[in-house]
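Asks: These protein sequence lines map, in sequence, to chains A and B.
For the first sequence, the UniProt record's numbering gives the first residue as 1, with consecutive numbering after it.
For the second sequence, the UniProt record's numbering gives the first residue as 1, with consecutive numbering after it.
Keep in mind that a hint or two might mislead.
[Claimed, not checked] Where chain A lies over chain B, by a calculated footprint (3+ residues, C-beta under 8 Å):
1. 11–24
2. 141–152
3. 172–178
4. 203–209
5. 297–308
[What the hints assert, rightly or not] Some, not all, of what chain B presents toward chain A, calculated at C-beta under 8 Å:
6. PRO43
7. PHE159
8. LEU220
9. ARG226
10. PHE227
11. LEU230
12. LYS231
13. LEU233
14. VAL238
15. PRO246
16. PRO250
17. ILE252
18. SER264
19. VAL294
No lab work stands behind these hints: they were computed from the structure.
Glycine included, C-beta positions come from ideal geometry on N, C-alpha and C.
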Amino acid sequence: MATDTVPTDEPATGGNGRGRVILRRFRRHKLGVAGLAVLVLLALVAVVVPLVWPYGHGEITPDLSQPPSAAHPMGTDTLGRDLFAQTLRGLQQSLLIATTVTVVACLIGVTLGVIAGYFGRFVDAAVMRLVDLTLTLPTIAIAAFLGSVVPTGGVNWLALSLVLGVLMWTPVSRLVRGIVLSLRSLPFVDAARVMGAGNLQIMTRHLIPNVADHIIVAATLLFGTAILAESGLSFLGFGVQPPDTSLGLLVSNAQSAVLTRPWLFYFPGLLIVVIVLAVNYAGEGLRDAANPKAALANPLRTARRRRDADTPPDDTPRGVLDVRGLTVDFGDQRVVKGVDLHIDDGEVLALVGESGSGKSVTALSVVGLLPPDAVGGGSVRFDGRELTGLNFSQWREYRGRRIAVILQDPSTTLNPVLTIATQFKDSMRLAGPLPADHRDRIVALLDGVAIKDPARLLDSYPHQLSGGMRQRIAIALAMVHDPDLIIADEPTTALDVTVQAQVMSTLALARERTGAAMLFITHDLSLVAGIADQVAVMRAGEVVEHADVDTVFYRPRHEYTRSLLALAPSLALAPASRSAAADIEEDS
Amino acid sequence: MAWMILRRMLSAVGVLLLASIVIFVVIAVSGDPLADLRDRQPPVPPSVIQAEEQRLGLDLPLHERYLNWVGGLFQGDLGPSTIATRDIGAELTDRIGVTLRLVVVAVVIALILALIAGTVSGLRQRRFPDLVLTPMTFVMLALPSFWMAVLFKQWGIYFNEQVGASVFATVGANSVPPPQGFVPFLLDSAAHLVLPTLVLILVHFAAWSRYQRTAIAESLAGDHVRFAVLKGLSRGRVVRSYVVRPALVPIITVVALDLPVLLSGAVITETVFQWRGMGGFLLESINLRDGNAVLAWLLIAAFAVVVFNLIADLLYAIVDPRVRYGN
Numbered sequence: 001m002a003t004d005t006v007p008t009d010e011p012a013t014g015g016n017g018r019g020r021v022i023l024r025r026f027r028r029h030k031l032g033v034a035g036l037a038v039l040v041l042l043a044l045v046a047v048v049v050p051l052v053w054p055y056g057h058g059e060i061t062p063d064l065s066q067p068p069s070a071a072h073p074m075g076t077d078t079l080g081r082d083l084f085a086q087t088l089r090g091l092q093q094s095l096l097i098a099t100t101v102t103v104v105a106c107l108i109g110v111t112l113g114v115i116a117g118y119f120g121r122f123v124d125a126a127v128m129r130l131v132d133l134t135l136t137l138p139t140i141a142i143a144a145f146l147g148s149v150v151p152t153g154g155v156n157w158l159a160l161s162l163v164l165g166v167l168m169w170t171p172v173s174r175l176v177r178g179i180v181l182s183l184r185s186l187p188f189v190d191a192a193r194v195m196g197a198g199n200l201q202i203m204t205r206h207l208i209p210n211v212a213d214h215i216i217v218a219a220t221l222l223f224g225t226a227i228l229a230e231s232g233l234s235f236l237g238f239g240v241q242p243p244d245t246s247l248g249l250l251v252s253n254a255q256s257a258v259l260t261r262p263w264l265f266y267f268p269g270l271l272i273v274v275i276v277l278a279v280n281y282a283g284e285g286l287r288d289a290a291n292p293k294a295a296l297a298n299p300l301r302t303a304r305r306r307r308d309a310d311t312p313p314d315d316t317p318r319g320v321l322d323v324r325g326l327t328v329d330f331g332d333q334r335v336v337k338g339v340d341l342h343i344d345d346g347e348v349l350a351l352v353g354e355s356g357s358g359k360s361v362t363a364l365s366v367v368g369l370l371p372p373d374a375v376g377g378g379s380v381r382f383d384g385r386e387l388t389g390l391n392f393s394q395w396r397e398y399r400g401r402r403i404a405v406i407l408q409d410p411s412t413t414l415n416p417v418l419t420i421a422t423q424f425k426d427s428m429r430l431a432g433p434l435p436a437d438h439r440d441r442i443v444a445l446l447d448g449v450a451i452k453d454p455a456r457l458l459d460s461y462p463h464q465l466s467g468g469m470r471q472r473i474a475i476a477l478a479m480v481h482d483p484d485l486i487i488a489d490e491p492t493t494a495l496d497v498t499v500q501a502q503v504m505s506t507l508a509l510a511r512e513r514t515g516a517a518m519l520f521i522t523h524d525l526s527l528v529a530g531i532a533d534q535v536a537v538m539r540a541g542e543v544v545e546h547a548d549v550d551t552v553f554y555r556p557r558h559e560y561t562r563s564l565l566a567l568a569p570s571l572a573l574a575p576a577s578r579s580a581a582a583d584i585e586e587d588s
Numbered sequence: 001m002a003w004m005i006l007r008r009m010l011s012a013v014g015v016l017l018l019a020s021i022v023i024f025v026v027i028a029v030s031g032d033p034l035a036d037l038r039d040r041q042p043p044v045p046p047s048v049i050q051a052e053e054q055r056l057g058l059d060l061p062l063h064e065r066y067l068n069w070v071g072g073l074f075q076g077d078l079g080p081s082t083i084a085t086r087d088i089g090a091e092l093t094d095r096i097g098v099t100l101r102l103v104v105v106a107v108v109i110a111l112i113l114a115l116i117a118g119t120v121s122g123l124r125q126r127r128f129p130d131l132v133l134t135p136m137t138f139v140m141l142a143l144p145s146f147w148m149a150v151l152f153k154q155w156g157i158y159f160n161e162q163v164g165a166s167v168f169a170t171v172g173a174n175s176v177p178p179p180q181g182f183v184p185f186l187l188d189s190a191a192h193l194v195l196p197t198l199v200l201i202l203v204h205f206a207a208w209s210r211y212q213r214t215a216i217a218e219s220l221a222g223d224h225v226r227f228a229v230l231k232g233l234s235r236g237r238v239v240r241s242y243v244v245r246p247a248l249v250p251i252i253t254v255v256a257l258d259l260p261v262l263l264s265g266a267v268i269t270e271t272v273f274q275w276r277g278m279g280g281f282l283l284e285s286i287n288l289r290d291g292n293a294v295l296a297w298l299l300i301a302a303f304a305v306v307v308f309n310l311i312a313d314l315l316y317a318i319v320d321p322r323v324r325y326g327n
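Chain A with its partners taken away, still in its complex shape:
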């Protein structure tokens, strides 16, 4: 197809490659593999064993109510039927029906989900109403009613599967719709459209392959639900009918035999439990393989540290921050390779580098928040005291009060369910009980970051404010305790260019007023000139150049610094000036 030659970043790279990656990840998920193995084994048993087993599921033997024995491994029922043969039949029925239900539900769910997500608007609204409608109907009631109206002779397995499938497609369609909704505005869809692909072609060739892994996960979990639904219906007498049998029916027949002939009750019941457990573990394994969550961060836990035999000498020049030989390892990969940084009182150090150079991980190590799968090493000294190895409560003496941090994305750093005033009060309480005039103090802080009419937004929630406003509030929060060191990790990257300049000057102004030192992390050299005294350039986990700002800009020594400078638009080198308070405009 023509689109193959267009360099669009389609998330699913050629189906096969991604499939193989998922498969490799899945193989590492032991419980998932075990679940899948059990399922395959059961399916094989359901197909093969009945062919060779001496008894049929309806066959009446002379052995009445026998406990399990060599001839009847699961015993016999009151009529003398072999329970093992009946259970095998039930297993066949359950797997067959659940598979059909899953296929039917996925067909409906994927079709409607893709259509709703792709077309949006009215189509989407109509499909979602249909989902609402289906969700108001208790599956078992509708299925039971429809099952009962089929003429005598029992419900045909296909009819039962269709009914259940028609009632169970909603989770699939919701999932698919959500993903398609986020995919359809991506460049590769536009590119396909420009290349002349029709709606149908885009949906089938570009969108469905991209949700395939999610569909497989959803289908697996649906399969488990279908097994439970089918056996529940059969238990109530509205599913599979005698003389045929199913696991639910077997349990139903054994209701009064739990204490007298327990084998009749436990074998079919436990088989259902085993099937569903295996399905759920396989589904969990597939889900983890399809969307691996790199060990979710937990800032409440302290990361592991490498034991260093050689503590750095004590003759280190005493500055606000002194980092010596900092290393960070993820597994056997070292992403920060012995970084040294030094910041004097009131000085601004810009840490510059492209994404993946290790600058953000360096910043996280300085504040003790490495992700759980990282191992840190080296020394971080703040005002002459070693910070590495502190526990949570020891860290609290520094965090917020002496070291303040401003994070990259203002849309996620503030707590969405607390008002602005509450978030300030949380910080202010660190220094003791709230003073009576705390609201005035918050207003003053907000005033300090050039927010007009601050009293008005004390009781607002973050989502009511623009990105630039939120970042200013984050800056004001950092200033609550007049910190000695501010660490700003790409504080303007997530903002619009016009807002960037305003937030930069706000930050510069606020820092100047408190006289705090600052570690300013950015990939954008053009932001550095106006704010930094010193610049450290980082590449591939190493600091390649560490000098004052003029040297870096006019006499760069390292090749890499030169190439970074060449990339920075020369216009922007006249940056957010340090005393640019005049052109700060409220951006909301």
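Dock chain B against chain A, hints included.
Replies: Chain B only, in chain A's frame:
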């Protein structure tokens, strides 16, 4: 806020109206309620069948039947039953209370337990309580409710036999006749409630605590938690206001969406424990081919689901200001 409630209510009424049409049509076209009467031997005189058709309104076209039925609903008439002596409305009102007792107690307990277990599991992932709770919930998710119900009932009977006293009541929602006086009645109800609610609680506890665990894990990894830690807040404050509170939003939807499943579960539990509740009513009506009774049941179920979703929306607005201010 008021506008939002009004909008949600209008949409709820719309869904309900649509649901009523769909279930009416499905029930009307799927089978003849008089099939038994027609097949009877010796044959019933045609005049009797005709009179019966007239009484049930089967001789009218479908849309007229629907309008008559809806019109009747507004006057509190749920339509004629195939059994001439059966009053659908009166019987249902008796039984709703029984089912409600079961479902409400189960939902409340399951939700509280799931919130606690899910939160602890999410905060201590892959460490002590989570290492036990997670496999436990997986097993619970795989237990079919009907199997559990039978198992608990029989164990209850066995326990009673061993002790020689009926500690667990395994039949019905109350003793027959119910004991006099408030306190004995309450104790009697509780004895009957324990086992059936336990089944429903286990089924839903497992699913809900999984959701809560995921919500907590995601909240914990969020930037706002990292920011709160960097602000120097205490561990307790971070957990309470920055991890748990934002994570309470998803579980509300999950519980509201699970209500139909709960009602289905109640059908099974009531059947096993022989409660005369909504579940039994549904199964009897299906066996009697009593279309209007099934309709009434489905309508009440749909109504309950819609109301629950509305309550969920309101709770949402209380927990999450983003919803409250119509974002």
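Asks: Confirm or reject each hint.
Replies: Verification of the hints:
Closer than 8 Å: that is the beta-carbon criterion, and the region 11–24 of chain B has 7 residues meeting it against chain A, so the requirement of 3 holds. Counting residues of the region 141–152 of chain B whose C-beta sits closer than 8 Å to any C-beta of chain A gives 9, which meets the bar of three, so the coverage hint holds. Figure legend: the region 172–178 of chain B, annotated as covered by chain A; annotation inconsistent (0 residues with Cβ-Cβ distances under 8 Å, at least 3 required). Coverage of the region 203–209 of chain B by chain A is violated [criterion: at least 3 residues with CB-CB distance below 8 Å; count 0].
Given as covered by chain A, the region 297–308 of chain B passes the check, having 6 residues with a CB less than 8 Å from a CB of that chain where 3 are the minimum. A cut of 8 Å between beta carbons decides the hint on PRO43 (chain B): the least distance to chain A is about 19 Å, and the hint is violated. With a cut of 8 Å, the hint placing PHE159 (chain B) at the interface with chain A is violated, because the nearest CB-to-CB distance is about 11 Å. Restraint check, LEU220 (chain B) versus chain A: the minimum CB separation of about 6 Å is within 8 Å; hint holds.
The interface hint given for ARG226 (chain B) is met, as the beta carbon of that residue sits about 5 Å from the closest beta carbon of chain A, less than 8 Å. This hint holds: PHE227 (chain B) has a C-beta 4 Å from the nearest C-beta of chain A, less than the 8 Å allowed. With a cut of 8 Å, the hint placing LEU230 (chain B) at the interface with chain A holds, because the nearest CB-to-CB distance is about 4 Å. For LYS231 (chain B), the suggested interface contact is upheld, since its CB lies about 4 Å from the closest CB of chain A, less than 8 Å.
A cut of 8 Å between beta carbons decides the hint on LEU233 (chain B): the least distance to chain A is about 6 Å, and the hint holds. Here the hint on VAL238 (chain B) is kept, as its CB sits about 7 Å from the closest CB of chain A, short of 8 Å. Given hint, PRO246 (chain B) at the interface with chain A, holds; its Cβ is 5 Å from that chain's nearest Cβ, closer than 8 Å. Annotation: PRO250 (chain B) was flagged as interfacial toward chain A, and the flag is violated, the nearest CB pair being 13 Å apart, outside 8 Å.
Checking ILE252 (chain B) against chain A: minimum C-beta separation of about 13 Å lies over 8 Å; hint violated. With its C-beta approaching chain A no nearer than about 4 Å, SER264 (chain B) sits inside the 8 Å limit, and its interface hint holds. With a least beta-carbon distance of about 6 Å to chain A, the hint placing VAL294 (chain B) at the interface is held under the 8 Å criterion.
When the structure is compared with the earlier hints, violations turn up for hints 3, 4, 6, 7, 16 and 17 and for no others.
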